[in-house]
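Chains A and B, in that order, give the protein sequences.
Note that the working numbering gives residue 134 to position 134 of the first sequence, counting from 1, and the numbers run on in steps of one.
Note that the working numbering gives residue 566 to position 566 of the second sequence, counting from 1, and the numbers run on in steps of one.
None of these hints come from the bench; they were simulated from the model.
One or more of the hints may lead you astray.
[Unchecked claim] For lysine to aspartate or glutamate, the following EDC-like pairs were computed, each having C-alpha atoms within a straight-line distance of at most 16 Å:
no., chain 1, residue 1, chain 2, residue 2
1, A, 126, B, 280
2, A, 126, B, 101
3, A, 126, B, 68
4, A, 276, A, 334
5, A, 173, A, 220
6, A, 126, B, 219
7, A, 194, A, 220
8, A, 194, A, 204
Predicted model, so just to flag it, every value in this text is computed and none were measured.
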Amino acid sequence: MLSLCRRLVPGVLLVPLLSGCFAQSGGGSPDSGGGARLRVTLAFPPTQNFSPYGQDGVTLARLGVAEGLTRLDANGTAVPALAESWHSERDGRSWLFTLREATFQDGTEVTPAAVAASLNRAAQAKPVPAALAGVTLTAQAAEGWQVRVSTAEPDPVLPLRLSNPSLAVFSAKAYAGGRVNPIGTATGPFRLAKVSGTGGATLERFDGYWGGRAHASGIDARFVPDGTARANAVRAGETDIAEAVPVAQASSLDKGTARETATPRLTALYLNTRSKVFGDPARRAAARAAIDTSALAEDVYEGHADPGDGLFGPALTWAADRRVQPSGRARPGDPGGAAITLATYDNRPELPEVAQVLQQRLQRAGFKVNLVVRDYSRLESDALAGKFDAVVAARNMMLDTGDPASVLAGDFTCDGGYNLARLCDEKVDQAVARAASAAGTDERRDAVMAAEAAVLGTDAVVPLVHQKIITGVGSAVRGAVLDPFERLLVGPGTRR
Amino acid sequence: MQAAAGAAKGFARSNGPVLLWRGALVAVLLCGIGLLPWLSRTDPALTVLKARSAERDPTPEVLQAIRDELGLDAGPLRLLGRWLGGLLHGDAGTSWVSGTEVLPAVAQGLGVSLLLMAGALVVAALTVAAVCARTLWLGTRQRPVGRRAGGGAAVLAALPEFLTASVLATVVGVQLGWLPALGWYGPRWMVLPALALGLPTGAVLGRMLDDLLPGAFGEPWALAAAARGLPGRSIARQAVRRAVPGVLPNLGVFAVGLTGGSVAVEQVFDIPGLGRLTLDAAIAQDLPVLQTGTLALILLAATAGGGARLAARLLLGRALRDRALQSLHRPAPTAPRVLPWVCGGLLLGVIGLGLLHDPLAVDTSARLQAPSLAHPFGTDALGRDVLARVGHGAFRTLAVACAVSAVALVAGVLLGLLPRLSGPLVDTVNAVPPVLAGLLAAGIAGGTPWTPALAVAAVAWSPLAAHTSALLRQERATTHLTATRALGAGRWYLLRYELLPAILPPVVRHALLRLPGIALALAALGFLGLGTQPPSPEWGLLLAENQPYAERAPWAVLAPAGALALLGAFAVTAVGGVRHPWRRRRPHNAAQTTAPTVLSGDAT
């Protein structure tokens, strides 16, 4: 008996020690004040400890924690958030935003001075947030509960820019330390209460939200990078909402659980215009003619994508009506067995499949195709340096600024920072410059579509498919926000 | 960690040069990691940026801001020195990606991984018991114990972890709902991952133990004990005690491998373990995290290796000291040789049939089709014939895997014969996560087609060396060796005619058991841009590209997995008893019990 005790005691003593080796599960306070807690599974773990200036800013926005002066509606137009209204002054060199009455989650008031301080901090962050790249921005409080945001050059898209999650507004308390601390300092319907490393986070409802009390009493967020695991979580009923379910798993979800949203994300084949083979426009045209985009959308993406029409797909509802057919395209020439290297990355599981289908198509058309598939971080610099003849990549065409003209400028002009096609074409540069300087919404959209036609006219890029994202939403959940720009997921009206 | 360091120190105190050698190896490895971005010529600012925010465009201003923030311009040596200096004060620095303290994150990951490893070892122990059950049962009843072919264990050992994990998560977790499919919140969450990791581990260890047990049961003491009427159970217990020391070093190797290298299982079940932490850090070139994680694994490996040697000494101490052991490796009658023919025939048949079809013909309208007459193994996600892909991928897969296995075997045996040299080397190499080995190999050798083979071979020899060393230690303490030496045999004679013939067969069988695992490890480095690229039909690649469809189109993963299992079963059964044409008859062999095939074996 004694020996049994002696054997058991260390075991019992080990139990509390072992419990430290398990992850902390979410589970905040039990349903205080009505409304069940939501269990949300996100794909990207926080990489910078929830600093709003990088990718984690999007996570904060998706969970309803942080918000900025404006937000994007489903059409890609800026609509009021913390700012009620706005107008430009001094030929667009500055904008005046009128704030609504709101409180921070720490109980202090959202004042023009606090907003201005928050924006100025973002403008001085290093590296500067992507939405502010190339922009010198200063903000200051103005009379009548207003904030004046000025830029060095006239910026017609400033309200769009300010919808970016990295320009969210936090209270003075957030900036006390060296880094921005979003715990209990933002303005959204949910308050970040506890962060358990990169595994999960606990959020509580913020009762003082300006848009009214949220239905759910809190959120237990988990970060699960593996797509199959996220799909399994929905199927096993272990989560209420799971973002970005891979195409391969979509059909295994129950009917009604997999919700599709068209996004401005474009999968395209970029042809390196400075390579030996694709420097010749006729060969680029031959590559374009060889590709059947509807087969890709139907088969590889199993219908969870639209065939590529142009650079801007059906998620941008205004694009289709304004589309201009590209002119001046070269006639397809004979590839003559030219050998090319086609590169892509496997972080999105569909891309290697797309590349293999393209490989076969191009080989049938007379090219000799060699595939390279790597992790994205191992591929990007080589791709941008032009080491491949062609690259298959997925690109969010409304990234960062929510302004299509700035994406065109970055991706297809001589000075572009992400010019996979290494395109440098005078006509394209002019068309993009016209789009970037157009001020009115309609004018700007027309100019953007004209620039799109100019880009497509060079055959430097072949749009393949416009992706739809699949969100797994449990059957009991109501009011999930399926945002085409992937900036929102949970709102005040989301409940189960 | 301190305890680990203490144990390592305690173990090595007796031999200073070994300690020095161990320290030098750790220093080389840490310097290698510190120089990784400069070796591989991949800008760490870029990889850190991509880890922070994948869609951020890498403009020169952004990269320079990150370089300034991290102080990268100071150069690798200064950075390494700073990290080491901090380490002396118990500060492992901050992560380059997230800016948070490294030590708590690594400690948390290590705790999770150790728990997972412990769970996996429990499952492995049960698997070992199951694999050895028949031998033990026969042994306790004093029936003749033949060495078994071990095809079943070989099939189990060839199971890819991620496949078992996916199947368990989908079937048990989702469809049946018996256990949670995701997370790491308590003992209930441990069962499925521990099963996925423990089954193949237990199969390898069980097969190795089962290989030694018949020898133990055949030793004179067992006969004497039986004759005196001792109960069969205590004889079996002693036989296990006699055989276990030969397996212990590999137990240590597995313990470390499971702690740092179970990335696939951690991903499928979303476990926040050390494997994923180091993988992410390696891809992002987050050096402080990578260095600290590897250091933790090195300490663990040193502890495990030291512990294994200590345990072996405790179990066999006196007999080792008195040189009173018998050789365990007595060729015994093998099971009827039908199995290898069946396995080999099936494998050849599948490959032959597959060669008749086109492995690259993409037909997206015929994707994921169930097996039919036109496609006997169905089609994959691009409508390609799975049978054709298995068939055409066989040659390359087998050739490279066999070549790597052969190199690993030769290196493992040679280094294993020098235990004082290889012991610390095994511990250090063992602690290197596979992806890190790949990156280091790519940094040193460049991105040639042979880089993945080099990386895998650089790691694959270590379990074989550990096995060789363990057997060598016992073999040196055998009575027949003392006798031969007394007769005036020189060192080379002893090595060639006494030691090698005794050590080689189990180590060769061990190497063959690991052959399928090597084929998988080679493909696992593909995402670094190393090795074979799609659409090549190499088996590891087939498994990886069809894994997302495992539930909808099980045939597309079962075919390559089955082929690997067949390969494993064939390889292991075919050499059920490796015969040595050079083996000479020795008096004590003839004196030992009934072993009719000794003669037939010698006759070949």
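Hints, verified against the model:
At roughly 23 Å between alpha-carbon atoms, residue 126(A) and residue 280(B) are farther apart than 16 Å, so this suggested pair is violated. Of the pairs offered as hints, the one joining residue 126(A) and residue 101(B) is violated, with about 20 Å between alpha carbons and a cut-off of 16 Å exceeded. Distance restraint check for residue 126(A) and residue 68(B): the Cα-Cα separation of roughly 9 Å lies within the 16 Å cut-off, and the hinted pair is therefore satisfied. For the given pair, residue 276(A) sits about 15 Å from residue 334(A) by alpha-carbon distance, which is consistent with the 16 Å threshold.
Taken as a hint, the residue 173(A) and residue 220(A) pair is broken in the structure, with Cα atoms around 24 Å apart against an allowance of 16 Å. With a C-alpha separation of about 73 Å, the suggested pair residue 126(A) and residue 219(B) falls outside the 16 Å cut-off, and the hint is violated. Restraint check for residue 194(A) and residue 220(A): the C-alpha separation of about 10 Å stays at or below 16 Å, so the hint holds. Pair hint residue 194(A) plus residue 204(A) holds up; C-alpha atoms about 9 Å apart against a cutoff of 16 Å.
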